[in-house]
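Trainee: The end of the sequence shown is residue 314 by the UniProt record's numbering, with every number in the run present.
Keep in mind that the hints were calculated from the coordinates and are not lab data. Honestly, I wouldn't trust all of these hints.
Distance windows between CB atoms, simulated [stated by the list, open to error]:
#	residue 1	residue 2	range
1	208	274	29 to 37 Å
2	233	28	35 to 43 Å
3	208	151	37 to 45 Å
Since the model is a prediction, treat every value here as computed from it, not as a measurement. Note that the Cβ used here is the ideal one computed from N, Cα and C, for glycine as well.
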Amino acid sequence: MESIGIREGFAPFGPYQTWYRVTGHFDGKNPPLVILHGGPGCTHDYVDAFKDIAASGYPVVHYDQLGNGRSTHLPEKDASFWNVALFLDELDNLLDHLEISDSYALLGQSWGGMLASEHAVRQPAGLRALIAANSPADMRVWVEEANRLRQLLPAGVHETLLEYERAGDFQAVAYQQASRVFYDNHVCRVLPWPDEVARTFAQVDADPTVYHAMSGPTEFHVIGSLKDWTIVDRLRHINVPTLVISGRYDEATPTVVRPYLEQIPNVRWALFQNSSHMPHVEERVACMGTVVRFLDECLHGAMVGNRKLEELRA
């Protein structure tokens, strides 16, 4: 990757700092692809694979959202501080700082896709394409599907989760072990977890401020400020070509991603048959190829109407 060029920096965001990394060069040939990580409260590490896209001529921007990773941490902030508007402002600030707000594409994974969609429904003039990877459109549906998936896990797992959730004991070893069964089936099926995935989860454990405030103690027990979030009735306002990514075993089930497919006028769906919530890790080569083909076609070719892509192969 050295020949492509990598630079890191910090974008001042009010009194805070947003860490970013650019892989490739802003040469004007292709709009940069900005990667929005999930959580809320994760880090860029687990979506690091998307730097591969730079080899195809699209500069790739990773960043750690405020409160996470290498950006400013604020564990003392009240839960009300952490909200969608804050992270939309941070994204706008980063685009302006990098001087790319007139032409860029967004790829948001999980919560990152929710945030990217919130950005896209405002129809910013510089947005050229949107990729929503493994993202819910409605958190109530997300929780309903998570509860359904939990009940399909090996005997006793769902019951253990319920027992400790009722008691409010999310740190119990038995609860953590039961949660890991869900994660290994529906979040990342590459075992053991790759280093970049493990690094992200370790950093969330070290400072769960944002994750707990907006989501909750686990992926499937959402009790934070996002518990009633929905964008379903606004998706029709997205006016750029959109790619929806999900995995066959994804916690973002077809029911979860369906509103994106039904409401966005110009949309495609890539369903990865051997993946769960992280096709960029579980089927890395195929996922990167799909993203590049989408960008090539929608930015340099023509994409008309809805098309569904399934069983994608490397």
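Trainee: Confirm or reject each hint.
Mentor: Tested hints:
no.: 1; hint: 208 x 274: 29 to 37 Å; in the structure: holds, 30 Å
no.: 2; hint: 233 x 28: 35 to 43 Å; in the structure: holds, 37 Å
no.: 3; hint: 208 x 151: 37 to 45 Å; in the structure: violated, 26 Å
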